[in-house]
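Participant: Working from the sequences, and respecting the hints, build out all of it.
In our numbering, each residue carries its 1-based index in the sequence shown increased by 359.
If you're looking for bench data, these hints aren't it; they were derived computationally from the structure.
Keep in mind that this is a model prediction, so the values were computed, not measured.
Incorrect hints may have been included.
[Unchecked claim] DSSO-like mimics (lysine-lysine), calculated; alpha carbons at most 30 Å apart, straight line:
| no. | residue 1 | residue 2 |
| --- | --- | --- |
| 1 | Lys423 | Lys447 |
| 2 | Lys423 | Lys440 |
| 3 | Lys528 | Lys423 |
| 4 | Lys481 | Lys466 |
| 5 | Lys466 | Lys490 |
| 6 | Lys528 | Lys440 |
| 7 | Lys528 | Lys447 |
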Amino acid sequence: MLALLLVGCGPKGPEPGGEAGKDAASERPAVNVEVAAAALRPITASYNATAALEAPGEAQVVAKTSGVLLRLLVEEGDMVKAGQVLAKIDPERPRLEVQRAEALLRKLEAELARSSELFERKLIAADLHDKLRYDVETQRAVYRMAQLELSYTDIVAPISGVVAQRMAKVGNLIQLNSPVFRIVDTTTLEAILNVPEREIATMRAGAPVSMTADALPGRVFEGRIARVSPVVDAGSGTFRVVCAFDPDPLLRPGMFGRIAVVFDQRADVLTVPRVALLEDQGEPAVFLVREGKALRTPVQLGYLSGELAEIRSGLQAGDAVVTTGKVTLRDGANVQVLNSLPAGAGVAADAAADTTTDPTSH
360 MLALLLVGCG PKGPEPGGEA GKDAASERPA VNVEVAAAAL RPITASYNAT
410 AALEAPGEAQ VVAKTSGVLL RLLVEEGDMV KAGQVLAKID PERPRLEVQR
460 AEALLRKLEA ELARSSELFE RKLIAADLHD KLRYDVETQR AVYRMAQLEL
510 SYTDIVAPIS GVVAQRMAKV GNLIQLNSPV FRIVDTTTLE AILNVPEREI
560 ATMRAGAPVS MTADALPGRV FEGRIARVSP VVDAGSGTFR VVCAFDPDPL
610 LRPGMFGRIA VVFDQRADVL TVPRVALLED QGEPAVFLVR EGKALRTPVQ
660 LGYLSGELAE IRSGLQAGDA VVTTGKVTLR DGANVQVLNS LPAGAGVAAD
710 AAADTTTDPT SH
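Facilitator: The following block contains the structure:
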């Protein structure tokens, strides 16, 4: 009995959930994270799409007569002007046709002159004189047609531009209406976007456009919206927007471009890097770092542009949000900030420093 009483009076161990349990929870290892400060920056609102560049001015040069190609005066890559002779077809047969038509015309004109004298003296019938006059007019048209056929032996450029393709060689027999050259006017290049109808209020003619091409990394080309279709396609729910770009020696028709149509710009709005946004739930949120802990904070988003996201509510300028390491974080978890932020950014004193790098908007 005495032994039982002594055991019952012995010291008690720590109760679960007491002060010791709380201390154990607070001593969980901190998660290493990197943060960025919410700051006032300019931001642009844009619609982004992809399209291939097209040349609105393009012409297929075809032969208007048949014959053997004698000379080529231009090659691919040459700049040409409208009306410039590009190639010559053998003109001998058309030239002989012109000479024959001219000779017959001169003969009929001489006969008509003699007939006119006789008709004035009433020595021939009026119907005979009229028939001869009509024959002269018919032959004059034949002569002009022969001259036109002769002119077709010079293949000329219908538009100004650059020779994009040559499709015939010297010595080839060129058939009527067969293609010989393709000319592209590169003074203006266009990209046609099929924009969803929900964006119809943001598209207007004259709005600025920027484009990057996969073939030209690091270069940004500026343009504008040239035309906006007033009709929405009922089948696809889209409407056409034509973007025009100024000539640039680096741009080529057919290039694939990534296009951004800027429809609004704001000078000083609260922004955070887009990588700070949590996408695991429907409600947008970020992890706010305060006193060494990560606090899940809902935010109201505005524009999303490039690497930045506009914050309408939920944060203040200088708040530090987690950008790297947020995948393994839980609300209230201890964090260890690895990078540095400007003083007053909202993190613990041991994480504060004097430099940071702000992402820029496109």
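Participant: Holds or violated: are the alpha carbons of Lys528 and Lys423 at most 30 Å from each other?
Facilitator: 17 Å, holds
Participant: Given the proposed pairing of Lys423 with Lys440, does the C-alpha separation stay at or below 30 Å?
Facilitator: With Cα atoms ~19 Å apart, Lys423 and Lys440 stay inside 30 Å; holds.
Participant: Is the hinted pair Lys423 and Lys447 satisfied, with a Cα-Cα distance of at most 30 Å?
Facilitator: 12 Å, holds
Participant: Take a quick look at whether Lys466 and Lys490 sit within 30 Å of each other, Cα to Cα.
Facilitator: Between Lys466 and Lys490 the Cα gap is close to 15 Å, so the pair holds against 30 Å.
Participant: For a C-alpha distance cap of 30 Å, please report whether Lys481 and Lys466 respect it.
Facilitator: OK: Lys481 and Lys466 at ~22 Å, within 30 Å.
Participant: Given the hint that Lys528 pairs with Lys440, test it: the Cα-Cα distance must not exceed 30 Å.
Facilitator: 21 Å, holds
Participant: Given the hint that Lys528 pairs with Lys447, does the C-alpha gap stay at or below 30 Å?
Facilitator: 11 Å, holds
Violation of the numbered hints given earlier is absent; every hint is satisfied by the structure.
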